[in-house]
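Participant: Sequence:
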Amino acid sequence: MADGETGGALLVAGTTSDAGKSVVTAGICRWLARRGLKVAPFKAQNMSLNSFVTREGAEIGRAQAMQAAAARVEPSALMNPVLLKPGGDRTSQVVLLGRPVGELSARGYHGGRSERLLGTVTECLAELRRTHDAVICEGAGSPAEINLRRTDIVNMALARAARMPVVVVGDIDRGGVFASFFGTTALLSRADQALVSGYLVNKFRGDVSLLEPGLDMLRRLTGRPSLGVLPHRHGLGIDEEDGLRVSLRGTVREASGAPPHGAEVLRVTVLPVPLMSNFTDIDALAAEPGVVVRFGDRPEELADADLVVVPGTRGTVGALRWLRQRGLAEVLARRAAEGRPVLGICGGFQLLGERVEDDVESRAGVVEGLGLLPVRVRFARAKTLARPSGTALGEPVEGYEIHHGVADVLGGEPFLDGCRVGAVWGTHWHGSLESDAFRRAFLRRVAAQAGRAFVPAPDTEFGVLREEQLDRLGDLIEEHADTAALLRLIEDGAPAGLPFVPPGAPAPEEEDSV
471 MADGETGGAL LVAGTTSDAG KSVVTAGICR WLARRGLKVA PFKAQNMSLN SFVTREGAEI
531 GRAQAMQAAA ARVEPSALMN PVLLKPGGDR TSQVVLLGRP VGELSARGYH GGRSERLLGT
591 VTECLAELRR THDAVICEGA GSPAEINLRR TDIVNMALAR AARMPVVVVG DIDRGGVFAS
651 FFGTTALLSR ADQALVSGYL VNKFRGDVSL LEPGLDMLRR LTGRPSLGVL PHRHGLGIDE
711 EDGLRVSLRG TVREASGAPP HGAEVLRVTV LPVPLMSNFT DIDALAAEPG VVVRFGDRPE
771 ELADADLVVV PGTRGTVGAL RWLRQRGLAE VLARRAAEGR PVLGICGGFQ LLGERVEDDV
831 ESRAGVVEGL GLLPVRVRFA RAKTLARPSG TALGEPVEGY EIHHGVADVL GGEPFLDGCR
891 VGAVWGTHWH GSLESDAFRR AFLRRVAAQA GRAFVPAPDT EFGVLREEQL DRLGDLIEEH
951 ADTAALLRLI EDGAPAGLPF VPPGAPAPEE EDSV
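Note that the sequence shown covers residues 471 to 984 in my numbering.
Quick caveat, the hints were computed from the structure, so don't treat them as lab data.
Note that the Cβ used here is the ideal one computed from N, Cα and C, for glycine as well.
Okay, the calculated beta carbon distance ranges per label pair: (1) G646 with D941: 28 to 36 Å; (2) V837 with A631: 39 to 47 Å; (3) R857 with R620: 33 to 41 Å; (4) A733 with A954: 51 to 59 Å; (5) G933 with G645: 36 to 44 Å.
Work out the full structure: start from the sequences and follow the hints.
Facilitator: In C-alpha coordinates:
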(Lines of atoms letter the chains of each structure in order from A and count residues from 1; the text may use other names and numbers.)
(Lines give C-alpha, C1' and ligand atoms only; values in the text may rest on other atoms or scores of the structure.)
Protein backbone atom coordinates (compact mmCIF):
# COMPACT_ATOMS: atom_id res chain seq x y z
CA MET A 1 0.00 0.00 0.00
CA ALA A 2 1.16 3.51 -0.73
CA ASP A 3 2.39 5.79 2.03
CA GLY A 4 -0.45 7.72 3.63
CA GLU A 5 -3.11 5.11 2.89
CA THR A 6 -5.03 3.48 5.70
CA GLY A 7 -4.21 -0.21 5.88
CA GLY A 8 -6.79 -2.85 5.17
CA ALA A 9 -8.46 -4.91 7.86
CA LEU A 10 -10.35 -8.16 8.40
CA LEU A 11 -12.33 -9.51 11.36
CA VAL A 12 -12.04 -13.24 12.08
CA ALA A 13 -15.22 -14.26 13.92
CA GLY A 14 -16.30 -17.74 15.02
CA THR A 15 -19.48 -19.75 15.32
CA THR A 16 -18.48 -20.59 18.91
CA SER A 17 -15.77 -19.96 21.44
CA ASP A 18 -12.66 -22.00 20.65
CA ALA A 19 -13.65 -22.44 16.99
CA GLY A 20 -10.09 -21.56 16.01
CA LYS A 21 -10.21 -17.77 15.73
CA SER A 22 -6.88 -17.25 17.50
CA VAL A 23 -5.10 -19.82 15.34
CA VAL A 24 -6.59 -18.51 12.09
CA THR A 25 -5.72 -14.92 13.02
CA ALA A 26 -2.14 -15.92 13.78
CA GLY A 27 -1.93 -17.93 10.56
CA ILE A 28 -3.17 -15.03 8.44
CA CYS A 29 -0.69 -12.71 10.20
CA ARG A 30 2.24 -15.03 9.43
CA TRP A 31 1.08 -15.54 5.80
CA LEU A 32 0.86 -11.79 5.23
CA ALA A 33 4.19 -11.11 6.97
CA ARG A 34 5.85 -13.63 4.67
CA ARG A 35 4.41 -11.68 1.73
CA GLY A 36 6.32 -8.65 2.96
CA LEU A 37 3.35 -6.76 4.43
CA LYS A 38 3.53 -4.93 7.73
CA VAL A 39 0.67 -6.56 9.61
CA ALA A 40 -0.67 -6.29 13.16
CA PRO A 41 -3.10 -8.44 15.16
CA PHE A 42 -5.94 -6.90 17.14
CA LYS A 43 -8.49 -8.09 19.68
CA ALA A 44 -10.67 -5.34 21.08
CA GLN A 45 -11.64 -7.22 24.23
CA ASN A 46 -10.13 -10.41 25.57
CA MET A 47 -11.16 -12.39 28.64
CA SER A 48 -8.17 -14.38 29.81
CA LEU A 49 -5.92 -15.19 32.74
CA ASN A 50 -3.04 -15.77 30.32
CA SER A 51 -1.39 -12.42 29.78
CA PHE A 52 1.92 -10.91 28.75
CA VAL A 53 3.89 -7.72 29.44
CA THR A 54 5.03 -5.60 26.50
CA ARG A 55 8.36 -3.79 26.50
CA GLU A 56 6.49 -0.61 27.47
CA GLY A 57 5.15 -2.35 30.59
CA ALA A 58 1.58 -2.87 29.34
CA GLU A 59 -0.42 -6.04 30.05
CA ILE A 60 -2.14 -7.72 27.09
CA GLY A 61 -3.50 -11.18 26.31
CA ARG A 62 -0.92 -13.88 25.54
CA ALA A 63 -2.79 -14.76 22.35
CA GLN A 64 -2.21 -11.26 20.99
CA ALA A 65 1.46 -11.41 21.96
CA MET A 66 1.79 -14.67 20.02
CA GLN A 67 -0.12 -13.22 17.07
CA ALA A 68 2.29 -10.27 17.10
CA ALA A 69 5.15 -12.78 16.96
CA ALA A 70 3.38 -14.39 13.99
CA ALA A 71 3.22 -10.96 12.35
CA ARG A 72 6.90 -10.36 13.22
CA VAL A 73 6.10 -7.12 15.05
CA GLU A 74 6.57 -6.00 18.64
CA PRO A 75 3.38 -6.45 20.72
CA SER A 76 1.73 -3.33 22.10
CA ALA A 77 -1.29 -2.34 24.19
CA LEU A 78 -2.99 -1.10 21.01
CA MET A 79 -3.38 -4.73 19.93
CA ASN A 80 -5.55 -5.63 22.95
CA PRO A 81 -7.00 -2.43 24.46
CA VAL A 82 -9.40 -4.22 26.84
CA LEU A 83 -8.37 -7.28 28.85
CA LEU A 84 -10.75 -8.83 31.38
CA LYS A 85 -9.12 -11.03 34.04
CA PRO A 86 -11.73 -13.14 35.88
CA GLY A 87 -11.67 -13.21 39.67
CA GLY A 88 -13.17 -15.53 42.22
CA ASP A 89 -16.32 -13.56 43.05
CA ARG A 90 -17.94 -13.27 39.59
CA THR A 91 -16.00 -10.13 38.87
CA SER A 92 -13.17 -9.37 36.49
CA GLN A 93 -10.29 -6.96 36.69
CA VAL A 94 -10.56 -4.54 33.77
CA VAL A 95 -7.21 -3.81 32.15
CA LEU A 96 -7.48 -0.80 29.82
CA LEU A 97 -4.62 -0.02 27.45
CA GLY A 98 -2.36 -2.27 29.49
CA ARG A 99 -3.19 -0.91 32.96
CA PRO A 100 -5.71 -2.16 35.55
CA VAL A 101 -8.54 0.33 36.12
CA GLY A 102 -10.85 -1.55 38.48
CA GLU A 103 -13.03 -4.60 39.14
CA LEU A 104 -16.48 -5.07 37.61
CA SER A 105 -19.13 -7.77 37.61
CA ALA A 106 -20.32 -9.08 34.26
CA ARG A 107 -23.60 -7.18 34.76
CA GLY A 108 -21.75 -4.00 35.60
CA TYR A 109 -19.49 -4.32 32.58
CA HIS A 110 -22.23 -5.13 30.08
CA GLY A 111 -24.56 -2.66 31.78
CA GLY A 112 -22.89 0.28 30.09
CA ARG A 113 -19.13 0.24 30.67
CA SER A 114 -18.36 -1.80 27.55
CA GLU A 115 -20.32 0.55 25.27
CA ARG A 116 -18.31 3.50 26.57
CA LEU A 117 -15.13 1.68 25.59
CA LEU A 118 -16.10 1.33 21.93
CA GLY A 119 -14.56 4.72 21.12
CA THR A 120 -11.25 3.73 22.72
CA VAL A 121 -11.27 0.43 20.88
CA THR A 122 -11.93 1.97 17.47
CA GLU A 123 -9.24 4.60 18.06
CA CYS A 124 -6.68 1.87 18.78
CA LEU A 125 -7.69 -0.01 15.64
CA ALA A 126 -7.51 3.18 13.58
CA GLU A 127 -3.99 3.89 14.88
CA LEU A 128 -2.85 0.39 13.92
CA ARG A 129 -4.36 0.81 10.47
CA ARG A 130 -2.51 4.10 10.02
CA THR A 131 0.83 2.43 10.74
CA HIS A 132 0.36 -1.00 9.15
CA ASP A 133 -0.54 -2.40 5.75
CA ALA A 134 -3.13 -4.70 7.29
CA VAL A 135 -4.73 -5.40 10.67
CA ILE A 136 -6.20 -8.84 11.35
CA CYS A 137 -8.79 -8.64 14.11
CA GLU A 138 -9.99 -11.53 16.24
CA GLY A 139 -13.56 -11.61 17.51
CA ALA A 140 -14.71 -13.17 20.78
CA GLY A 141 -17.21 -15.96 21.34
CA SER A 142 -19.84 -15.79 18.60
CA PRO A 143 -21.08 -12.66 16.80
CA ALA A 144 -24.60 -14.11 17.09
CA GLU A 145 -24.82 -13.78 20.89
CA ILE A 146 -27.91 -11.63 20.51
CA ASN A 147 -28.23 -11.13 24.26
CA LEU A 148 -24.96 -9.16 24.18
CA ARG A 149 -25.24 -7.41 20.81
CA ARG A 150 -26.23 -4.06 22.31
CA THR A 151 -23.02 -3.94 24.39
CA ASP A 152 -20.74 -5.59 21.83
CA ILE A 153 -17.38 -3.94 21.15
CA VAL A 154 -15.43 -6.91 19.78
CA ASN A 155 -17.53 -8.51 17.02
CA MET A 156 -20.09 -6.91 14.69
CA ALA A 157 -20.18 -3.52 16.41
CA LEU A 158 -16.45 -3.20 15.80
CA ALA A 159 -16.80 -4.46 12.22
CA ARG A 160 -19.51 -1.88 11.51
CA ALA A 161 -17.65 0.96 13.18
CA ALA A 162 -14.51 0.20 11.17
CA ARG A 163 -16.35 -0.99 8.02
CA MET A 164 -14.48 -4.30 8.09
CA PRO A 165 -15.34 -7.51 6.23
CA VAL A 166 -15.96 -10.52 8.46
CA VAL A 167 -14.90 -14.14 7.94
CA VAL A 168 -16.65 -16.70 10.15
CA VAL A 169 -14.66 -19.75 11.33
CA GLY A 170 -16.46 -22.98 12.27
CA ASP A 171 -15.03 -26.05 14.02
CA ILE A 172 -16.31 -29.03 12.03
CA ASP A 173 -14.79 -31.42 14.56
CA ARG A 174 -17.62 -30.46 16.93
CA GLY A 175 -20.31 -31.29 14.38
CA GLY A 176 -23.11 -29.13 13.04
CA VAL A 177 -20.83 -26.74 11.20
CA PHE A 178 -23.26 -26.01 8.32
CA ALA A 179 -26.10 -25.24 10.74
CA SER A 180 -23.70 -23.08 12.74
CA PHE A 181 -22.65 -21.05 9.70
CA PHE A 182 -26.23 -20.59 8.53
CA GLY A 183 -27.64 -19.86 11.97
CA THR A 184 -24.87 -17.41 12.85
CA THR A 185 -25.60 -15.43 9.71
CA ALA A 186 -29.39 -15.60 10.02
CA LEU A 187 -29.30 -14.27 13.61
CA LEU A 188 -27.51 -11.08 12.59
CA SER A 189 -29.22 -7.86 11.63
CA ARG A 190 -29.33 -6.79 8.00
CA ALA A 191 -26.52 -4.25 8.51
CA ASP A 192 -24.35 -6.81 10.29
CA GLN A 193 -24.98 -9.45 7.63
CA ALA A 194 -23.77 -7.04 4.97
CA LEU A 195 -20.23 -7.47 6.32
CA VAL A 196 -20.22 -11.29 6.64
CA SER A 197 -18.20 -12.19 3.57
CA GLY A 198 -17.47 -15.90 3.80
CA TYR A 199 -16.78 -18.98 5.89
CA LEU A 200 -13.70 -20.98 6.90
CA VAL A 201 -14.10 -24.61 7.93
CA ASN A 202 -11.60 -25.56 10.61
CA LYS A 203 -10.28 -28.94 11.85
CA PHE A 204 -11.58 -31.10 8.99
CA ARG A 205 -10.58 -34.77 8.91
CA GLY A 206 -10.95 -36.73 5.70
CA ASP A 207 -11.61 -36.20 2.00
CA VAL A 208 -12.54 -32.59 1.21
CA SER A 209 -14.53 -33.73 -1.85
CA LEU A 210 -17.09 -35.25 0.51
CA LEU A 211 -17.62 -31.80 2.03
CA GLU A 212 -18.07 -29.92 -1.23
CA PRO A 213 -21.81 -30.61 -1.76
CA GLY A 214 -22.53 -29.05 1.63
CA LEU A 215 -20.33 -26.06 0.88
CA ASP A 216 -22.10 -25.54 -2.44
CA MET A 217 -25.50 -25.69 -0.75
CA LEU A 218 -24.32 -23.27 1.97
CA ARG A 219 -23.34 -20.82 -0.75
CA ARG A 220 -26.75 -21.11 -2.42
CA LEU A 221 -28.52 -20.62 0.92
CA THR A 222 -26.47 -17.66 2.12
CA GLY A 223 -24.90 -16.19 -1.01
CA ARG A 224 -21.48 -16.43 0.64
CA PRO A 225 -18.51 -18.60 -0.35
CA SER A 226 -16.35 -20.97 1.59
CA LEU A 227 -12.91 -19.44 1.84
CA GLY A 228 -11.15 -22.66 2.66
CA VAL A 229 -11.18 -25.97 4.52
CA LEU A 230 -8.39 -26.16 7.07
CA PRO A 231 -7.38 -29.73 7.93
CA HIS A 232 -7.14 -31.00 11.47
CA ARG A 233 -3.55 -30.81 12.65
CA HIS A 234 -2.30 -31.85 16.07
CA GLY A 235 -0.35 -29.23 17.93
CA LEU A 236 -1.49 -26.11 16.08
CA GLY A 237 -2.71 -24.15 19.10
CA ILE A 238 -1.19 -20.90 20.34
CA ASP A 239 -1.23 -19.25 23.76
CA GLU A 240 -4.97 -18.83 23.87
CA GLU A 241 -7.31 -18.02 26.67
CA ASP A 242 -8.35 -20.18 29.57
CA GLY A 243 -9.26 -23.73 30.41
CA LEU A 244 -7.22 -26.81 31.20
CA ARG A 245 -8.33 -28.45 27.95
CA VAL A 246 -6.79 -25.59 25.99
CA SER A 247 -3.56 -25.80 27.95
CA LEU A 248 -3.18 -29.49 27.16
CA ARG A 249 -3.68 -28.84 23.46
CA GLY A 250 -1.00 -26.23 22.79
CA THR A 251 1.58 -26.89 20.13
CA VAL A 252 4.80 -26.75 22.08
CA ARG A 253 3.24 -28.74 24.90
CA GLU A 254 2.78 -31.58 22.42
CA ALA A 255 5.93 -30.99 20.40
CA SER A 256 8.48 -33.18 22.12
CA GLY A 257 8.25 -36.72 20.83
CA ALA A 258 11.98 -37.37 20.92
CA PRO A 259 13.45 -39.91 23.36
CA PRO A 260 15.25 -38.63 26.43
CA HIS A 261 18.83 -37.50 25.97
CA GLY A 262 19.82 -39.31 29.16
CA ALA A 263 18.88 -42.69 30.60
CA GLU A 264 15.59 -41.63 32.21
CA VAL A 265 12.68 -39.28 31.65
CA LEU A 266 11.80 -36.47 34.05
CA ARG A 267 8.17 -36.42 35.20
CA VAL A 268 6.60 -33.01 35.86
CA THR A 269 3.17 -32.64 37.46
CA VAL A 270 1.43 -29.25 37.31
CA LEU A 271 -1.23 -28.43 39.92
CA PRO A 272 -4.30 -26.89 38.18
CA VAL A 273 -4.99 -24.38 40.95
CA PRO A 274 -8.19 -22.31 40.81
CA LEU A 275 -7.96 -19.22 38.57
CA MET A 276 -4.76 -20.66 37.12
CA SER A 277 -2.92 -18.02 35.12
CA ASN A 278 -0.04 -18.10 32.67
CA PHE A 279 0.16 -21.87 32.65
CA THR A 280 2.05 -21.31 29.40
CA ASP A 281 5.13 -21.25 31.66
CA ILE A 282 5.25 -25.03 31.37
CA ASP A 283 5.49 -25.04 27.56
CA ALA A 284 9.25 -24.75 27.62
CA LEU A 285 9.47 -27.77 29.94
CA ALA A 286 7.23 -29.85 27.69
CA ALA A 287 9.40 -28.89 24.69
CA GLU A 288 12.37 -30.72 26.19
CA PRO A 289 12.95 -34.30 24.96
CA GLY A 290 12.41 -36.66 27.85
CA VAL A 291 10.34 -34.27 29.98
CA VAL A 292 6.83 -35.62 30.54
CA VAL A 293 4.38 -32.89 31.62
CA ARG A 294 0.91 -33.61 32.97
CA PHE A 295 -1.71 -32.00 35.18
CA GLY A 296 -2.78 -33.65 38.43
CA ASP A 297 -5.03 -32.55 41.30
CA ARG A 298 -4.98 -35.61 43.58
CA PRO A 299 -2.25 -36.56 46.06
CA GLU A 300 -1.63 -39.91 44.39
CA GLU A 301 -0.99 -38.14 41.08
CA LEU A 302 2.01 -36.42 42.64
CA ALA A 303 3.54 -39.60 44.01
CA ASP A 304 5.92 -40.31 41.12
CA ALA A 305 6.50 -36.70 40.07
CA ASP A 306 10.13 -35.62 39.92
CA LEU A 307 9.04 -31.97 39.89
CA VAL A 308 5.75 -30.42 41.00
CA VAL A 309 4.96 -27.01 39.53
CA VAL A 310 2.56 -24.70 41.35
CA PRO A 311 1.65 -22.21 38.60
CA GLY A 312 0.37 -18.67 38.73
CA THR A 313 -3.12 -17.87 39.97
CA ARG A 314 -5.27 -14.79 40.28
CA GLY A 315 -6.57 -16.17 43.57
CA THR A 316 -3.64 -16.94 45.86
CA VAL A 317 -5.75 -17.23 49.02
CA GLY A 318 -8.36 -19.36 47.25
CA ALA A 319 -5.61 -21.61 45.88
CA LEU A 320 -4.27 -22.10 49.41
CA ARG A 321 -7.72 -23.19 50.56
CA TRP A 322 -8.02 -25.54 47.57
CA LEU A 323 -4.63 -27.15 48.27
CA ARG A 324 -5.55 -27.77 51.89
CA GLN A 325 -9.00 -29.15 51.10
CA ARG A 326 -7.56 -31.67 48.65
CA GLY A 327 -4.72 -32.83 50.87
CA LEU A 328 -2.17 -31.34 48.47
CA ALA A 329 -0.70 -28.96 51.04
CA GLU A 330 0.46 -31.96 53.08
CA VAL A 331 1.92 -33.56 49.97
CA LEU A 332 3.93 -30.43 49.16
CA ALA A 333 5.18 -30.19 52.75
CA ARG A 334 6.24 -33.82 52.69
CA ARG A 335 8.03 -33.34 49.37
CA ALA A 336 9.93 -30.37 50.81
CA ALA A 337 10.96 -32.39 53.88
CA GLU A 338 12.15 -35.24 51.64
CA GLY A 339 14.14 -32.93 49.35
CA ARG A 340 11.92 -33.58 46.32
CA PRO A 341 11.63 -30.61 43.92
CA VAL A 342 8.78 -28.09 43.94
CA LEU A 343 8.66 -24.93 41.79
CA GLY A 344 6.26 -22.09 42.56
CA ILE A 345 5.73 -19.36 39.96
CA CYS A 346 4.09 -16.01 40.78
CA GLY A 347 0.93 -16.87 42.76
CA GLY A 348 2.36 -20.37 43.25
CA PHE A 349 5.48 -18.77 44.74
CA GLN A 350 3.39 -16.58 47.04
CA LEU A 351 1.45 -19.44 48.58
CA LEU A 352 4.66 -21.36 49.33
CA GLY A 353 5.66 -18.58 51.75
CA GLU A 354 4.99 -18.08 55.44
CA ARG A 355 2.00 -15.79 55.14
CA VAL A 356 -0.06 -13.74 52.71
CA GLU A 357 -1.56 -10.38 53.66
CA ASP A 358 -4.30 -9.72 51.14
CA ASP A 359 -6.60 -6.73 51.41
CA VAL A 360 -6.74 -6.32 47.62
CA GLU A 361 -7.45 -9.56 45.73
CA SER A 362 -9.47 -11.70 48.17
CA ARG A 363 -9.67 -9.11 51.00
CA ALA A 364 -9.07 -12.01 53.40
CA GLY A 365 -6.50 -10.16 55.49
CA VAL A 366 -3.58 -12.17 56.88
CA VAL A 367 -3.63 -15.84 55.84
CA GLU A 368 -1.09 -18.48 56.76
CA GLY A 369 0.90 -19.79 53.80
CA LEU A 370 2.38 -23.25 53.37
CA GLY A 371 5.60 -22.18 55.12
CA LEU A 372 7.96 -23.86 52.67
CA LEU A 373 9.88 -20.68 51.84
CA PRO A 374 10.98 -17.79 54.12
CA VAL A 375 8.80 -15.27 52.32
CA ARG A 376 6.05 -12.92 53.45
CA VAL A 377 3.72 -11.46 50.84
CA ARG A 378 1.67 -8.28 51.04
CA PHE A 379 -0.77 -7.40 48.27
CA ALA A 380 -0.42 -3.86 46.94
CA ARG A 381 -3.12 -2.03 45.01
CA ALA A 382 -0.64 -1.12 42.28
CA LYS A 383 0.17 -4.00 39.96
CA THR A 384 3.77 -4.86 39.16
CA LEU A 385 4.22 -5.12 35.38
CA ALA A 386 7.84 -5.62 34.35
CA ARG A 387 10.24 -7.35 31.95
CA PRO A 388 13.19 -8.31 34.18
CA SER A 389 16.42 -9.94 33.07
CA GLY A 390 19.47 -11.19 34.90
CA THR A 391 21.55 -14.25 35.69
CA ALA A 392 20.59 -17.36 37.63
CA LEU A 393 22.32 -20.71 38.04
CA GLY A 394 25.18 -19.16 36.13
CA GLU A 395 23.11 -18.52 32.98
CA PRO A 396 21.36 -15.49 31.46
CA VAL A 397 17.60 -15.41 31.93
CA GLU A 398 14.67 -13.16 31.01
CA GLY A 399 11.07 -13.12 32.16
CA TYR A 400 8.05 -10.96 32.84
CA GLU A 401 6.15 -10.07 35.99
CA ILE A 402 2.39 -9.59 36.53
CA HIS A 403 1.35 -9.48 40.17
CA HIS A 404 -0.11 -7.44 43.01
CA GLY A 405 1.77 -9.38 45.69
CA VAL A 406 4.99 -7.84 47.02
CA ALA A 407 7.33 -10.49 48.40
CA ASP A 408 9.62 -9.86 51.35
CA VAL A 409 12.27 -12.58 51.03
CA LEU A 410 13.74 -13.26 54.48
CA GLY A 411 16.26 -15.98 53.68
CA GLY A 412 17.19 -18.89 51.50
CA GLU A 413 19.42 -18.89 48.44
CA PRO A 414 18.53 -16.14 45.93
CA PHE A 415 16.67 -17.42 42.87
CA LEU A 416 15.64 -14.81 40.31
CA ASP A 417 13.59 -12.37 42.45
CA GLY A 418 12.60 -15.13 44.88
CA CYS A 419 14.53 -17.82 46.69
CA ARG A 420 15.33 -21.50 47.05
CA VAL A 421 15.37 -23.59 50.19
CA GLY A 422 16.47 -27.17 49.65
CA ALA A 423 14.46 -28.49 46.72
CA VAL A 424 11.75 -25.79 46.91
CA TRP A 425 12.13 -22.98 44.38
CA GLY A 426 10.02 -19.82 44.07
CA THR A 427 9.92 -16.81 41.77
CA HIS A 428 7.56 -14.15 40.43
CA TRP A 429 9.14 -14.39 36.97
CA HIS A 430 6.92 -15.85 34.27
CA GLY A 431 8.58 -17.07 31.09
CA SER A 432 12.02 -17.65 32.65
CA LEU A 433 12.10 -21.26 31.46
CA GLU A 434 12.03 -20.05 27.85
CA SER A 435 15.69 -19.01 28.32
CA ASP A 436 17.36 -22.15 26.97
CA ALA A 437 20.63 -22.26 28.92
CA PHE A 438 18.89 -21.36 32.20
CA ARG A 439 16.21 -24.01 31.61
CA ARG A 440 18.85 -26.68 31.05
CA ALA A 441 20.71 -25.65 34.20
CA PHE A 442 17.49 -25.73 36.22
CA LEU A 443 16.53 -29.17 34.89
CA ARG A 444 19.97 -30.54 35.72
CA ARG A 445 19.54 -29.34 39.32
CA VAL A 446 16.04 -30.80 39.51
CA ALA A 447 17.19 -34.15 38.09
CA ALA A 448 19.98 -34.30 40.67
CA GLN A 449 17.59 -33.50 43.51
CA ALA A 450 15.09 -36.08 42.22
CA GLY A 451 17.76 -38.74 41.75
CA ARG A 452 16.99 -39.15 38.05
CA ALA A 453 19.51 -40.00 35.34
CA PHE A 454 17.97 -37.32 33.16
CA VAL A 455 20.13 -35.11 30.97
CA PRO A 456 18.66 -32.10 29.11
CA ALA A 457 19.23 -32.13 25.38
CA PRO A 458 21.96 -29.62 24.51
CA ASP A 459 20.24 -28.21 21.41
CA THR A 460 16.60 -27.53 22.29
CA GLU A 461 15.86 -23.92 21.29
CA PHE A 462 12.46 -22.79 22.48
CA GLY A 463 12.39 -19.70 20.27
CA VAL A 464 13.08 -21.82 17.19
CA LEU A 465 10.24 -24.18 18.13
CA ARG A 466 7.89 -21.20 18.45
CA GLU A 467 8.90 -19.92 15.03
CA GLU A 468 8.36 -23.35 13.48
CA GLN A 469 4.92 -23.46 15.08
CA LEU A 470 3.99 -20.06 13.66
CA ASP A 471 5.29 -21.04 10.23
CA ARG A 472 3.04 -24.10 10.32
CA LEU A 473 0.09 -21.80 10.95
CA GLY A 474 1.11 -19.65 8.00
CA ASP A 475 1.42 -22.79 5.87
CA LEU A 476 -2.08 -23.85 6.91
CA ILE A 477 -3.55 -20.61 5.54
CA GLU A 478 -1.35 -20.48 2.44
CA GLU A 479 -2.05 -24.09 1.44
CA HIS A 480 -5.69 -24.54 2.39
CA ALA A 481 -7.41 -21.12 2.36
CA ASP A 482 -8.48 -19.04 -0.61
CA THR A 483 -5.71 -16.52 -0.10
CA ALA A 484 -6.63 -14.47 -3.18
CA ALA A 485 -10.14 -13.97 -1.79
CA LEU A 486 -8.78 -13.14 1.67
CA LEU A 487 -6.45 -10.54 0.17
CA ARG A 488 -9.32 -8.94 -1.75
CA LEU A 489 -11.38 -8.68 1.43
CA ILE A 490 -8.48 -7.13 3.36
CA GLU A 491 -7.79 -4.59 0.62
CA ASP A 492 -11.28 -3.84 -0.71
CA GLY A 493 -13.67 -4.66 2.12
CA ALA A 494 -16.89 -6.68 2.02
CA PRO A 495 -18.39 -7.23 -1.45
CA ALA A 496 -21.41 -5.11 -2.27
CA GLY A 497 -24.81 -6.72 -2.53
CA LEU A 498 -24.39 -9.66 -0.16
CA PRO A 499 -27.88 -11.14 0.27
CA PHE A 500 -29.89 -10.93 3.47
CA VAL A 501 -30.55 -14.30 5.18
CA PRO A 502 -33.89 -14.24 7.05
CA PRO A 503 -35.13 -13.91 9.67
CA GLY A 504 -32.29 -11.69 10.92
CA ALA A 505 -32.20 -9.93 14.25
CA PRO A 506 -33.17 -6.33 14.91
CA ALA A 507 -30.35 -3.83 14.88
CA PRO A 508 -29.33 -2.83 18.42
CA GLU A 509 -31.09 0.51 18.08
CA GLU A 510 -34.31 -1.31 17.14
CA GLU A 511 -34.35 -3.83 20.00
CA ASP A 512 -36.66 -1.82 22.28
CA SER A 513 -39.44 -1.92 19.68
CA VAL A 514 -39.36 -5.73 19.33
